[in-house]
Amino acid sequence: MVRLITHNLLACHVKGCTTNNFPLVFQDVQVELQEAEFNPDFIRNMLPRLEWTALVNAAKQVGDTSLPLEQPDMMDDELLQKLHHALMEIHIIEGAMVCQNCRHAYPISNGIPNMLLAEHEIG
Amino acid sequence: MIPTPDLSHLTRHDLEQVYDPAEDTFLLLDALEQEAGELRKERPMICLEVGSGSGCVSTFLGTILGPIPSLYLCTDINQHATRCTLSTGKQNKITLDPVTCSLTRPLLSRLHHTVDILLFNPPYVPTDTYEASSAQSNADIAGSWAGGTDGMEVTERLLQDVEVSSFTVFWDTVNDVYQHLLSPRGRFYLVALKQNNVPSIRSRMLEDFGLSSQIIIERRAGRELLFIIRFTRTALS
Ligand SMILES: C[S@@+](CC[C@H](N)C(=O)[O-])C[C@H]1O[C@@H](n2cnc3c(N)ncnc32)[C@H](O)[C@@H]1O
Ligand SMILES: [Zn+2]
Numbered sequence: 004m005v006r007l008i009t010h011n012l013l014a015c016h017v018k019g020c021t022t023n024n025f026p027l028v029f030q031d032v033q034v035e036l037q038e039a040e041f042n043p044d045f046i047r048n049m050l051p052r053l054e055w056t057a058l059v060n061a062a063k064q065v066g067d068t069s070l071p072l073e074q075p076d077m078m079d080d081e082l083l084q085k086l087h088h089a090l091m092e093i094h095i096i097e098g099a100m101v102c103q104n105c106r107h108a109y110p111i112s113n114g115i116p117n118m119l120l121a122e123h124e125i126g
Numbered sequence: 064m065i066p067t068p069d070l071s072h073l074t075r076h077d078l079e080q081v082y083d084p085a086e087d088t089f090l091l092l093d094a095l096e097q098e099a100g101e102l103r104k105e106r107p108m109i110c111l112e113v114g115s116g117s118g119c120v121s122t123f124l125g126t127i128l129g130p131i132p133s134l135y136l137c138t139d140i141n142q143h144a145t146r147c148t149l150s151t152g153k154q155n156k157i158t159l160d161p162v163t164c165s166l167t168r169p170l171l172s173r174l175h176h177t178v179d180i181l182l183f184n185p186p187y188v189p190t191d192t193y194e195a196s197s198a199q200s201n202a203d204i205a206g207s208w209a210g211g212t213d214g215m216e217v218t219e220r221l222l223q224d225v226e227v228s229s230f231t232v233f234w235d236t237v238n239d240v241y242q243h244l245l246s247p248r249g250r251f252y253l254v255a256l257k258q259n260n261v262p263s264i265r266s267r268m269l270e271d272f273g274l275s276s277q278i279i280i281e282r283r284a285g286r287e288l289l290f291i292i293r294f295t296r297t298a299l300s
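Just so you know, the protein sequences line up as chains A and B, in that order. In case it helps, our numbering puts the first sequence at residues 4 to 126. In case it helps, our numbering puts the second sequence at residues 64 to 300.
Please note that the accuracy of each hint is not assured.
[Stated by the list, open to error] So the derived label-pair ranges between C-beta atoms look like this: (1) B:ASP69 with A:GLY66: 30 to 38 Å; (2) A:GLU54 with B:PRO66: 36 to 44 Å; (3) A:PRO51 with B:ASP83: 37 to 45 Å; (4) A:GLN30 with B:GLU194: 36 to 44 Å; (5) A:GLU92 with B:GLY273: 35 to 43 Å; (6) B:GLN80 with A:GLU73: 43 to 51 Å; (7) B:SER266 with A:GLN103: 36 to 44 Å; (8) B:GLU194 with A:ASP79: 51 to 59 Å.
[Said to hold, decoys possible] No more than 30 Å apart at the CA atoms, straight line, and that leaves these computed lysine-lysine pairs for BS3-like: (9) A:LYS63 with B:LYS153; (10) A:LYS63 with A:LYS85; (11) A:LYS85 with B:LYS104; (12) B:LYS156 with A:LYS85; (13) B:LYS156 with A:LYS63; (14) B:LYS156 with B:LYS104; (15) B:LYS104 with B:LYS153; (16) A:LYS63 with A:LYS18; (17) A:LYS85 with B:LYS153.
For the record, the hints were derived by calculation from the structure and aren't laboratory data. Each residue gets a CB set at the ideal place from its N, CA and C atoms; glycine is no exception.
The following block holds chain A by itself, in its conformation from the complex (with noise of 0.2 Å):
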């Protein structure tokens, strides 16, 4: 499943592709929300392990603009209810991630992204 948690941990691959291969931009995503269970010190343990912007901007695309653009120092129980939405709730089902360096797009069916690549392009 592709939810914003699994997508701040993505980056493109192909052989050569090494700068600006991260964060992988949405394309024509359809998503699917499903309620999981709180866990706040989850969520707060999580944040150091992802990229602030990459997610804020990621959660845009598909639709959730309710998190501020700078991280903020303290983490109130609102906001780690809004990262807790956006980072474990929100389900691409469908669309694709596409990268800012080479273009490669990376398409999602049914919830499962395809990263696999061509032999060629392998690095």
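Dock chain B with the ligands against the given chain A, drawing on the hints supplied.
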């Protein structure tokens, strides 16, 4: 006893396209069950299974960790496998996040030092190199077992991604391009066959990457002698 995942939703057609859990799978489940107490204590945040097939193993891990919130990333080159991984998770109320890809390639650069539990039941059967590489490029069920020379051709490529050699660290610290998966407390469970040369895998992982290892279980299944090896950064008892 931790219940074995419910796989009743998988059809015969699914299991013609995707690895049907077998002795090797169950040995890995047994190893994880044996480690359950410690795994829970570690409170892992990011789990990553390479070659998740039916999704049976990650689902089982999700059941072991229960209410401990964790991200379960699963990769497989076979797109029928990632489809089954997703549905097996759902069937058992565990949210798995499958990605169709080879090994950990699109995740590697972003996951550096963050994987707390890494699992791999690889295609470990010795075949000729041609059979292994065509199975890899066809990304079909043959990729479940065809392992090439010593059954190690696919595993070998993953081992290189688990840790970076101290030599490479030395040269690369400047530009921070080294790619390694395990977090400081990370554990890596690998299924291996006797013919894969378990002592050699273990000594190379220690010498090249400084990873300690232990054999958690070994078991004979028909003609196969199977092992579960656990790698960690510091020796555990
Ligand atoms: C022995 S099966 C194990 C399946 C499942 N984890 C289990 O234990 O039942 C090996 C799995 O690895 C997958 N695989 C083979 N080569 C791979 C690669 N390069 N990257 C990711 N997965 C791969 C196969 O498609 C297959 O699903
Ligand atoms: Zn690219």
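Hint by hint, here is what the structure shows:
no., hint, in the structure
1, B:ASP69 with A:GLY66: 30 to 38 Å, "34 Å, holds"
2, A:GLU54 with B:PRO66: 36 to 44 Å, "37 Å, holds"
3, A:PRO51 with B:ASP83: 37 to 45 Å, "39 Å, holds"
4, A:GLN30 with B:GLU194: 36 to 44 Å, "37 Å, holds"
5, A:GLU92 with B:GLY273: 35 to 43 Å, "40 Å, holds"
6, B:GLN80 with A:GLU73: 43 to 51 Å, "47 Å, holds"
7, B:SER266 with A:GLN103: 36 to 44 Å, "43 Å, holds"
8, B:GLU194 with A:ASP79: 51 to 59 Å, "57 Å, holds"
9, A:LYS63 with B:LYS153, "27 Å, holds"
10, A:LYS63 with A:LYS85, "13 Å, holds"
11, A:LYS85 with B:LYS104, "28 Å, holds"
12, B:LYS156 with A:LYS85, "23 Å, holds"
13, B:LYS156 with A:LYS63, "29 Å, holds"
14, B:LYS156 with B:LYS104, "22 Å, holds"
15, B:LYS104 with B:LYS153, "25 Å, holds"
16, A:LYS63 with A:LYS18, "29 Å, holds"
17, A:LYS85 with B:LYS153, "24 Å, holds"
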